[in-house]
Every structure is written in structure tokens, then in C-alpha cells.
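Construct the entire structure; sequences and hints are all you get.
Chain by chain, the residues run as shown.
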Amino acid sequence: MRKLSLIIFCLIVLLISCKKDKKIKNYEVDRVDFNELTNEIKKEYYSFPSPEEMFKYIDSFDINYNPELLHSPDFSDNYISSEDKAMNIGIYVADLAYITLFKKYNESVKYLQTIYKLCDKLRISSAYNKNFYDRINNNIKNFDSLKVIADEAYSILTKYLERNNKEHIFAMISIGAFIEFLYLSLNLCDKYSENNLVVKKVFDQKSVLSNIYNFAIQFNKDDAVNKCIILVKPLYEFYLNLPTTGEKTKVTKTSGGVLKFSGGKQIVFGEKDFYKLKNLVNEIRFNIINGKI
Amino acid sequence: MKYVSTSLMVKFNLHMNHRKFYIITIFLFIIRLAFPQDCTDYHEFHCLFGDYTFFYSKQSKSMLMRPGQKSELKMVAYGGEDYFVSVCATKKFGKLRFRIIEDTPEKSVLFDNAENNYEETVIFSNEVTRNLIIEVSVPEATSDKKAKEYRCVGVVIMFRKTQNK
Numbered sequence: 001m002r003k004l005s006l007i008i009f010c011l012i013v014l015l016i017s018c019k020k021d022k023k024i025k026n027y028e029v030d031r032v033d034f035n036e037l038t039n040e041i042k043k044e045y046y047s048f049p050s051p052e053e054m055f056k057y058i059d060s061f062d063i064n065y066n067p068e069l070l071h072s073p074d075f076s077d078n079y080i081s082s083e084d085k086a087m088n089i090g091i092y093v094a095d096l097a098y099i100t101l102f103k104k105y106n107e108s109v110k111y112l113q114t115i116y117k118l119c120d121k122l123r124i125s126s127a128y129n130k131n132f133y134d135r136i137n138n139n140i141k142n143f144d145s146l147k148v149i150a151d152e153a154y155s156i157l158t159k160y161l162e163r164n165n166k167e168h169i170f171a172m173i174s175i176g177a178f179i180e181f182l183y184l185s186l187n188l189c190d191k192y193s194e195n196n197l198v199v200k201k202v203f204d205q206k207s208v209l210s211n212i213y214n215f216a217i218q219f220n221k222d223d224a225v226n227k228c229i230i231l232v233k234p235l236y237e238f239y240l241n242l243p244t245t246g247e248k249t250k251v252t253k254t255s256g257g258v259l260k261f262s263g264g265k266q267i268v269f270g271e272k273d274f275y276k277l278k279n280l281v282n283e284i285r286f287n288i289i290n291g292k293i
Numbered sequence: 001m002k003y004v005s006t007s008l009m010v011k012f013n014l015h016m017n018h019r020k021f022y023i024i025t026i027f028l029f030i031i032r033l034a035f036p037q038d039c040t041d042y043h044e045f046h047c048l049f050g051d052y053t054f055f056y057s058k059q060s061k062s063m064l065m066r067p068g069q070k071s072e073l074k075m076v077a078y079g080g081e082d083y084f085v086s087v088c089a090t091k092k093f094g095k096l097r098f099r100i101i102e103d104t105p106e107k108s109v110l111f112d113n114a115e116n117n118y119e120e121t122v123i124f125s126n127e128v129t130r131n132l133i134i135e136v137s138v139p140e141a142t143s144d145k146k147a148k149e150y151r152c153v154g155v156v157i158m159f160r161k162t163q164n165k
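Line order of the protein sequences matches chains A and B. Under our numbering, residues 1 to 293 are what the first sequence spells out, in order. Under our numbering, residues 1 to 165 are what the second sequence spells out, in order.
Careful, some of the hints might be misleading.
Short derived list, chain B residues pointing at chain A, Cβ under 8 Å [what the hints assert, rightly or not]:
#1 20
#2 23
#3 57
#4 76
#5 130
Don't read these hints as lab results, they were simulated from the structure. Virtual Cβ for every residue (Gly too), placed ideally from N, Cα, C.
In C-alpha cells form, the structure reads like this:
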């Protein structure tokens, strides 16, 4: 009798919590006018490439590995305010992406540990469970595993921040990571050259900064985020004020049937702009790593 | 006497186990109702992925949407790269519409899957770095009740260097 009542109870709970599996009606979509959907319920989401993707775009063939440019993990104990910690997590994340690009996995261990330590200070280290931290320590000499761990580190953190309504922290980390990526790319370029692909690709990052900046603006009521926005605003305005040229974007199909987007506005820049950008980024990065946000 | 007390104890334990079971089940049921759907990973498990030549982009995202809603995912497409984009959602939402719009004041529509039988995926080659909007629309619901049902909608973005042929 008790077993029967148990089974009945389970069935009731199951029926209430699960919807009936009705046959899905074939929506006659061609009759629906999507243009009538109200804008009031439209939502905007900002996405931008990860530091790893930004470096992939630059391409390891066009830049060298220079560990002297990296931000030393020894400084991580100096950061007190939440904006300092978050921005420098971004700096170290970008450094980790650079190290991984050149497969210097033995150096990645210190950066992984530093990122974890700063996340702990910022009280977001529960993004990484103890197993993750142990994996770093247990695989110090296993480069294949370290590559996987380094790849996962960023994804785990960003998903955790999104799930736990801490996207304002993600905004600060993203700003820090972007500045470090620009800093490394610009200083690896060293001199301006019209034919230098890296120079062109650095100026292309205007599109990335635009999305990061507008993403961060959503959280500008948070004091820490607002300070980061103020710090990076001169860079945003620099990119915004660069002249552009180009024709209207064209959509064509290749012989293989693949869509192709060609044309569109391109930034016009010269040697002066390159050095101005370099100085601006160096200054912002100096403030971040010295806790002067 | 010993056997009577043992059987009483067994009955008592069984009764306690049943009560615990009911309490846990009700608790889990309440948890399920109280906490909204977590869409964070939805796209990774439900959307179509490109072939092995493409790299997964962290620009991929999942969103919580309801029938009749339109959402915009603002992304960056680097010049000299090909992109694979796919959208997915529960079959109860019907066929999703997605458009790729250039994120400029002119808002030119570069692609509309409504012109391609509401295909869930598209591949495009991009010449110049630009900001794009992937606008996803869910058809209106057939009833008032369904109109309030929020569910996950995923957008997968993948990339590769444009292959020079």
C-alpha cells in the first residue's frame, strides 16, 4: 500500500512539473510578420573575442615571444581595490593567452596560479573548484594538460560570472585583458611600418573596444566599473575619432556558394596615430598594473 | 517479543524513509519552480557546430527569450576570416528567424534566413573587420499561456582564417 502511494505521488509530481508532450504544431511561419514584433521586448547582448582569439587574429607568425613584456605575477599581492584586482586578472588572462600562443606552458603555471589567487581575493574563486587548482599543480610538467587547463581557465571564469550575476566583474576583466593584448601587440611591433600587418590588425581592434566599452557602460552605476570606464575612455575616443574611408558593404556569393561580405568602412591611420595609440595604451596599462585606477 | 519489536522498528524505519523521500521530492520540485532556467551553456549542447576547420568562438552565447521576442547579439567579425553561425532553440518555439545586420547607423541587412527556408546555419567570408548584429526572432505564440514561456535560445559562432583559393 505504501509502495503504491509512493508511486502515485511520484507520478503526480512528474505530471505537474513536466509539460504534456503535445505534437508540435507546424508553425506556418510564412504568415507571421516578424516586423510587427515590438521593439520593447528586444534585448541587446554584447560579445567580443577572447584574448586567445585576439592573439589568433594577430597570428604568431607576425609577432615574437618576449617574456620581458609580461606583467610579473609577483605584483599580484599589491592589489587592494576590486577594480585593481579585476583589471589585473584581465592582464594576467591576456598574458596567459600570449604564453599559450607560443606554447610556453611551463610559464603558464605561475599565471594560472596568480589568476586563481586574485579570483580568490575577489571572492570569485568558486568559479574554479579545488579539482581545477589541483590539476594545475599535478600537471606542472605535462604540457598537453596545461594547454587544456589554460584554455578552460577563461571559459570557466566567464561562465561562472554570467551565471552568478557578476557580469560587472567580467566587464572589468575584459577591459584589463584588452589593454594588455594591445600593449603586447603594440610593443612587439616596435616600429611603425605601412606594410606591417600587425599594425593594421591593432587598428582593427576598434570594433572590439566598441563592444567591450558598450558592454561595460551597462554597469556604469557600479563605482568600480565606472572607474575602469573613465580610465579607458580616452582610448575609446581615440579610436572613435580616427577617420574612415570605404564604400558600402557588398554581399556576394563565392563560386563555392559561400556568402562573402566585402567592402565597408576601414580606418585610415598613419605613423603619428600609431605612436599616439602606443603611448596611450602604455599609460593606461601603467596605471592598471600599478594599482592607480 | 524480539521479533515483534524488530518488525516494529523496520516498519518505523520504512515510515521515516518514506517521509524523507516525500520531503526531498517536494523540496526538489520547489527548487525547480523557484529558480529560472540557466541558459549559460545551452548553445554548446543544442546548436549545430561547424566542421573541424572552424574554431569555437567565445562570442557564442545563449539567451532567455519568449515567443514574439527579438534579441540582438552584437559581435565582432575580423577581416580575413570565415564565420559559421548557427541558432537553436526548443522545437516548441518553431522556426527561428535570424538576420545578420551591419552594426552601423545604416543597419544594412547582410543576411536573412527567412530568404533561405529558415535555415539554422550560415557560413560567410568576411573581408574587412566590422561590427555585426545577429538578430534572432522567435515567432509569436499560439496561445496566451505559451506567450509567457521563456526558454533558451542559443547562438554558436565559429571562425577560421579565410582559405585563399
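Hints, one by one, checked against the model:
Taking 8 Å as the C-beta cut-off, the interface hint given for residue 20 (chain B) is violated, the closest approach to chain A being about 12 Å. Hint on residue 23 (chain B) is violated. Least Cβ distance to chain A is approximately 12 Å, over the 8 Å limit. For residue 57 (chain B), the suggested interface contact is upheld, since its CB lies about 6 Å from the closest CB of chain A, less than 8 Å. Restraint check, residue 76 (chain B) versus chain A: the minimum CB separation of about 5 Å is within 8 Å; hint holds.
Checking residue 130 (chain B) against chain A by beta carbon gives a least distance of about 5 Å; that is within 8 Å, so the hint holds.
When the structure is compared with the earlier hints, violations turn up for hints 1, 2 and for no others.
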